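*Asks:* Residues in the sequence shown are numbered from 673 upward in steps of one, following the working numbering.
You may find that some hints are simply not true.
[Stated by the list, open to error] Now the in silico label distances, taken between C-beta atoms and shown as ranges:
#, residue 1, residue 2, range
1, Pro792, Gln684, 28 to 34 Å
2, Gly926, Pro704, 43 to 49 Å
3, Gly892, Glu688, 26 to 32 Å
4, Pro762, Glu896, 21 to 27 Å
5, Thr867, His805, 23 to 29 Å
6, Gly875, Gln684, 37 to 43 Å
7, Pro762, Pro697, 34 to 40 Å
8, Thr675, Glu749, 21 to 27 Å
9, Gln743, Gly892, 28 to 34 Å
10, Arg728, His931, 24 to 30 Å
11, His680, Gln890, 19 to 25 Å
FYI, nobody ran anything at the bench for these hints, they're computed from the structure.
This one's a predicted model, so the numbers in the text were calculated from it and none came from an experiment.
Glycine residues also receive a C-beta, built at the ideal position from the N, C-alpha and C atoms.
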Amino acid sequence: MLTTEQIHEIAQELAEADRTHSVIPRITARHPEATVEDSYAIQGVWRDTNLAAGRRLVGRKIGLTSKAMQQATGISEPDYGVMFDDTVHPSGAEIRVDDFSNVRVEVELAFVLARPLSGPDCTLEDALAAIEHAVPALEVLNSHIELEGRTIVDTISDNAAYGAMVLGDVRRRPDEVDLRWVPGVLSRNGEVEETGVAAGVLGHPATGVAWLANKVHQHGDRLEAGEIILAGSFTRPLWVSKGDTIHCDYAEMGTITCHFV
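Using the sequences and the hints, build the whole thing.
*Replies:* What follows is the structure, encoded as structure tokens:
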């Protein structure tokens, strides 16, 4: 395990990398003794520093919940990070590439909670009962740690590689649509690049919400009413560059468009 001093030093490194949109060497290459709990402690220090600076927490992201993402990263265990209010964008937004590192997009569903949700024994049924509505979303990845050879310790420390989120306009209660079969057809500059269905996320995208409630319970926390939970990608990440226009079709759940500048 890492010392408290090491945890704070790495959190400061990541904060500086976030500020300068740069990349640092893998934590696990320098500290092979680092554990998953160390990585959540690093993330927690980074989160609390941002909260103290006036940013507002609006939800959490869950990562590495689908086979597509696990195969793309070589990591087989989900993780989570936090989302601040200034990272949420509407469909049609222009997004600055230079604000991020290793910029990619993922196709997801997001859930807004109507009431608090807590572990340790939260089930899919509990999660569905707590969800106010689902909304399509694109996640913009923002990785501040070198990608080659990353482990889950690296990704968690880096706030699960979360950068930003683009939300669609269509909202549906869980009883209004079979969430497992919501599709995503992801296009870049008019050409289809990735496709998938939401069942690729743990068999049901809301399963991740239950997993998250149980996981944060281990850290003395719970999910609060009004939080946005970004449930995990059901396609592989798509690299984007300046000038790219991204469009995703979610069928009855509508579409999302954004442009990278």
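*Asks:* If a hint holds in the structure, say so; if it does not, say that too.
*Replies:* Hints, verified against the model:
1. A hinted range of 28 to 34 Å for the beta carbons of Pro792 and Gln684 is consistent with their spacing of about 32 Å.
2. At roughly 45 Å, the beta-carbon separation of Gly926 and Pro704 lies within the given 43 to 49 Å, and the hint holds.
3. Taking 26 to 32 Å as the suggested C-beta distance range, the pair Gly892 and Glu688 conforms, at roughly 28 Å.
4. Our hint of 21 to 27 Å for Pro762 and Glu896 holds, since their Cβ atoms are close to 23 Å apart.
5. Under the hint 23 to 29 Å, the C-beta atoms of Thr867 and His805, about 24 Å apart, fit the expected range.
6. Range check, Gly875 to Gln684: Cβ separation about 39 Å, and the 37 to 43 Å hint holds.
7. Here the CB-CB span from Pro762 to Pro697 is close to 36 Å, well matched to the stated 34 to 40 Å.
8. The supplied range of 21 to 27 Å is met by Thr675 and Glu749, whose beta-carbon atoms lie about 24 Å from each other.
9. The hint said 28 to 34 Å for the Cβ distance between Gln743 and Gly892, and at roughly 33 Å that hint holds.
10. For the pair Arg728 and His931, the supplied restraint of 24 to 30 Å holds, since their beta-carbon distance comes to about 26 Å.
11. Taking 19 to 25 Å as the suggested C-beta distance range, the pair His680 and Gln890 conforms, at roughly 22 Å.
Consistency note: the structure conflicts with none of the earlier hints.
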